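So the chains spell out like this:
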Amino acid sequence: MIISILSDICLLLGGILTLTGAVGLLRLPDFYSRLHAASVTESLAAPLLIIGVILDTGFTLDSAKLVLIIVIMVIVNPTITHALCRAAAHGRISPEMESETEFSGKESK
Amino acid sequence: MIENLELLIDVCLLTFLLLIVFAAIKTTNLFVATMLFGIFSFVTALLFLDLDAVDVAFTEAAVGAGFTTVLMLSALRLTGAFENVKHRHSVLGLFIVVLTGAALIYGVADFPNMGDANAPVHLHIAPEYIQLTQEKIDIPNVVTAVLASFRGYDTFGETVVIFSAGAAVLLLLGMGHAEPKHEPEQNLVLWVVVKPFIALILIFGLYVQFHGDFGAGGGFQAGVIFASGFILYSLVFGESYARQVVPASILPRFAALGVIIYGLTGLVSLLSDKTFLDYNALSSNPVSGQHLGILLVEAGVGLAVFSTVLLIFYSFSGVNHNE
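Just so you know, the sequences run in chain order A and B.
Positions 1 to 109 (the working numbering) are the ones given, in order, by the first sequence.
Positions 1 to 323 (the working numbering) are the ones given, in order, by the second sequence.
It should be emphasised that the hints constitute simulated quantities derived from the structure, not laboratory data.
Errors might be hidden in some of the hints.
What the hints assert, rightly or not - Partner residues aside, some chain A positions facing chain B, computed with beta carbon under 8 Å:
#1 I75
#2 T79
#3 H82
#4 R86
Keep in mind the model is a prediction, meaning the values are calculated, not measured.
Glycine residues also receive a C-beta, built at the ideal position from the N, C-alpha and C atoms.
Whole structure, please, built from the sequences with the hints as guidance.
See below:
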């Protein structure tokens, strides 16, 4: 009973985070903040959804595989975000700032 | 309830496919189009999964979404990122496309309903395959039994097709060579994360290769997964290092060796007075003969696919882009 409620909470939270991530991906102004929104979906929402599924199905061999998927996601997704960010910086995409002087990195266009 | 849910998922996925196709047609940025094609393949894989075609979904995800995207990106390094804008709207072209589409939609009307138990495909040969798999081959995965044993001819043809695709790319582009100045930037985060993951990818490739009798998988998927481990290594650490691990010159030989292993397996059974690719001849016990035959054939397929995939990647990324 408690487990099923926990699973529901995880699934709901994961769904909400996916939704906010999607909205952020659409609405945020520049590449880096959009990447931030997408990484929320990847690193938190997806593991939460999988945890919800694991709690719902019980602990079998399948859920062991799902745990493995969580481990892989938690390691790989931040790495991918990092790589994308580096690639964007390499491609001279500068973040949008309220005042241009605050950004001490490369010259903004 | 459950059936309606599946229908809902199908409709959603198909709508996604349509939207992705239109987006890919509209965009002029070829990078975006490549990514859209990758997403298209993933959605197609989900659709196959929903239709319980796990092996096909696996192949689509590995080849369509994984390898083809990498290949397209390598090709974009040679062509540039933007489409040549040339909007010529030909009336004849539109007419032909509409006509073909109408004919296809008209043909769909004759299809049996999805999941119809009386559809011809479920009546004619599928029941025999399912029954014979249990009797004669004794492996759980019917798809592998059909692919490697019952339809061994077809799979042999496919392996030869893959080999000749690799040979064609080799003839057109050559092997190329890695230039040290094109080394990727040294990035400690990527190095640390990617290193253990390459090992995991290779182990997973072996698992898929040898577990194909029992679950989803087989030589085709395993070859692509194994090659993608090396492609990842090449992307992160630099292609000259990857070429030291797997020299480009042995790849065409490996690809040929894969086809030869497949062909020789068939030839052995031909020489022992059975038909070509009849694995019963390989052992005194027909069932273990089948097991041995499927193992050998899948090994041949895996080797051929692995070498061809890596060969095409080397060819594309090794082309000299100075001229």
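The hints, checked one at a time:
Look at A/I75: its Cβ gets to within about 6 Å of chain B, closer than 8 Å, so that hint holds up. Interface hint at A/T79: satisfied, since its Cβ lies 4 Å from the closest Cβ of chain B, which is below the 8 Å cut-off. Taking 8 Å as the C-beta contact cut-off toward chain B, the hint placing A/H82 at the interface holds, the least distance being around 5 Å. Nearest Cβ of chain B to the Cβ of A/R86: about 7 Å, under the 8 Å cut. The hint holds.
Of the numbered hints listed earlier, not one is contradicted by the structure.
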